[in-house]
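First to last, the protein sequences are chains W and Y.
FYI, the numbering for the first sequence is 1 to 215, going by the numbering used here.
FYI, the numbering for the second sequence is 1001 to 1370, going by the numbering used here.
Hints in this document: simulated from the structure, not taken from any laboratory.
Take the hints with a grain of salt, since some may be wrong.
Unchecked claim - To be clear about the criterion: a stretch of chain W counts as covered by chain Y if any three or more of its residues have a C-beta under 8 Å from a C-beta of chain Y, and this derived list gives those stretches: (1) 61-69; (2) 92-100; (3) 104-115; (4) 129-139; (5) 207-215.
Yeah, the Cβ is synthetic: ideal placement off N, Cα and C, and Gly gets one too.
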Amino acid sequence: MTSIRLEIIESAFVYAPQEIDVLNIKNLVPKMMTRRRLTRAAKISIYLSNEVSFDKGRIVYGSSFGELPATASILNAISDKEPISPTHFQNSVYNTAISYLSILNKNEEELITISSGDKTALNVLKTGAVKALDGDTLLLLVTETLNIEGIEKVNTCGQYLEYGVALKVRLSNEKPTLKYSDVDEDSTVPNSVRAMYNITKQCRRDKVNIIEVQL
Amino acid sequence: MKTKNRVYITSTSSVSCAGNNNQILFQNILTGTTGIKQDCKYFFNATPAIGKLDTQATFFDTLILECQKVLEQSQLENYKKTLLIIGSSVGGMKTTEDIYIDTKEYANINPDKHHIQVIANCLNEVFDFYDDISFSTACTSSANAIGYAYEVLSKGLYENVLVVGADSLSQTTVGGFLSLGVLSPNPCKPFDEARDGMNVSEAIACLLIETVPKEGSIEVCGVGYSSDAYHMTHPKPKGEGAYKAMEKALKEANLTTYDIDYINAHGTGTEANDSAEADAIVSLFPHKPYVGATKSITGHTLGAAGALEAIISSMVIDKQMIPANHALESATNKEINLTNELQDKKIHYVMSNSFAFGGNNCSLIFGNIK
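Could you put the whole structure together from the sequences, leaning on the hints where they help?
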């Protein structure tokens, strides 16, 4: 089994039982028309990328359920035999969040989006590690935005409905200082986010943080 | 990227509206026999032309059958050392739609049957893969999957990779593209002055990718990625993002523009895509390689398009035949080399383009190893 070590240069996470309200989005996206089009996942991504001081470079993004609010709106339109909103449709693809982030930051580098169910954050880490072998600094980002009406009937992902984790990483040859864990220590955390969330929780600002990713 | 291993497509299988196997698909592309038909089932009063699979089995049973075909054609005993890479834009959306329209309740929806991972989960129930990962970048999903396969194999990180591009039609996709006003009621006419939109369609395309060539293998020579950073649904008007992806793929493959004999264009038939892509091709390729678009035959298979068109590109190299652009009558951009006739010529390298919502661009280069 191949392993690749990553230095976590900066990390951040944010979550809320229903809707995260600390996103500072008015300052980060001053243009109202642009701001109004953003999905919840896009707002979380913009907030987190700012928190880890990343504006240009390759991004590996992950979400198990993607843009669920836009998807739910489309489902309702179909069910009600109404036309689908073009904005909801364009905002329903899984790569919406980082596309808006790239537009905002004029970031023309590679953007990849992973959706691997409960393994999403782990696969973001693996893909980030593979790409980091090229020598650049990458942003690894994972979000879930599950806050739609009636979600309680189907939610198996955790108590909190909005989650986001960001890791700014680069390749390292140093010994690992962090332990990879997908143990469910916090039932509020969706499985799809947990692998990166657990790393972020271990990171210390006064130390070099290294994680070993097993492929 | 420091390349270590060379990477080859060694076994493929596909099913699309243009054919239930690769041979029928390519024959239909050569003869201009389209799989696109008008359909009024999907959305209200509209009758867009779309491409549906013509199979007895369900979509997911067909998916398993296609992967089984690849395994039988290969020299592998099983997939135990294989990394499965999925490329899909909608995953289990149709299943969710069917339940929700019937009951208008989330309670009966199984989240594990909704998301993109449903495809890998379905295959993991039958085959034993080393690991799996699913990419969802809209219409570049399976092109990015092939790009990632190229990366991990050239870096020597896995033994072999099965790339599966799979998307089924749903009301979300048909109605969504209708809402954007880009669906044509006829088979699309990529790059033509009279083009009036695209055709959404469904497909499954599977490629086994390895580091040791077999007889008939096609090399994956390089991949280039870029982002437009411009608009969610419109490409940069002059195709700057497409240009950058193609340029990066050439650099990765250690090739020049003059090495490319044929470009399998993204060529959706929409005003915005074809104009931007044509401008990018004209800017980058001074020697005017042949350019073709096969979506008038297959439709736009969305997340499966990159994988399906990788198979088509491989067959162009294998058969040494460049298909005619059957739907083309008069090109908008006269500077790109769109042929109306089958070209029988020596083909060393083919570039295949895929572009997606969010300005996600991926160009792949395939090479002849004969």
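Against the structure, the hints:
| no. | hint | in the structure |
| --- | --- | --- |
| 1 | 61-69 | holds (count 3) |
| 2 | 92-100 | holds (count 8) |
| 3 | 104-115 | holds (count 11) |
| 4 | 129-139 | holds (count 4) |
| 5 | 207-215 | violated (count 1) |
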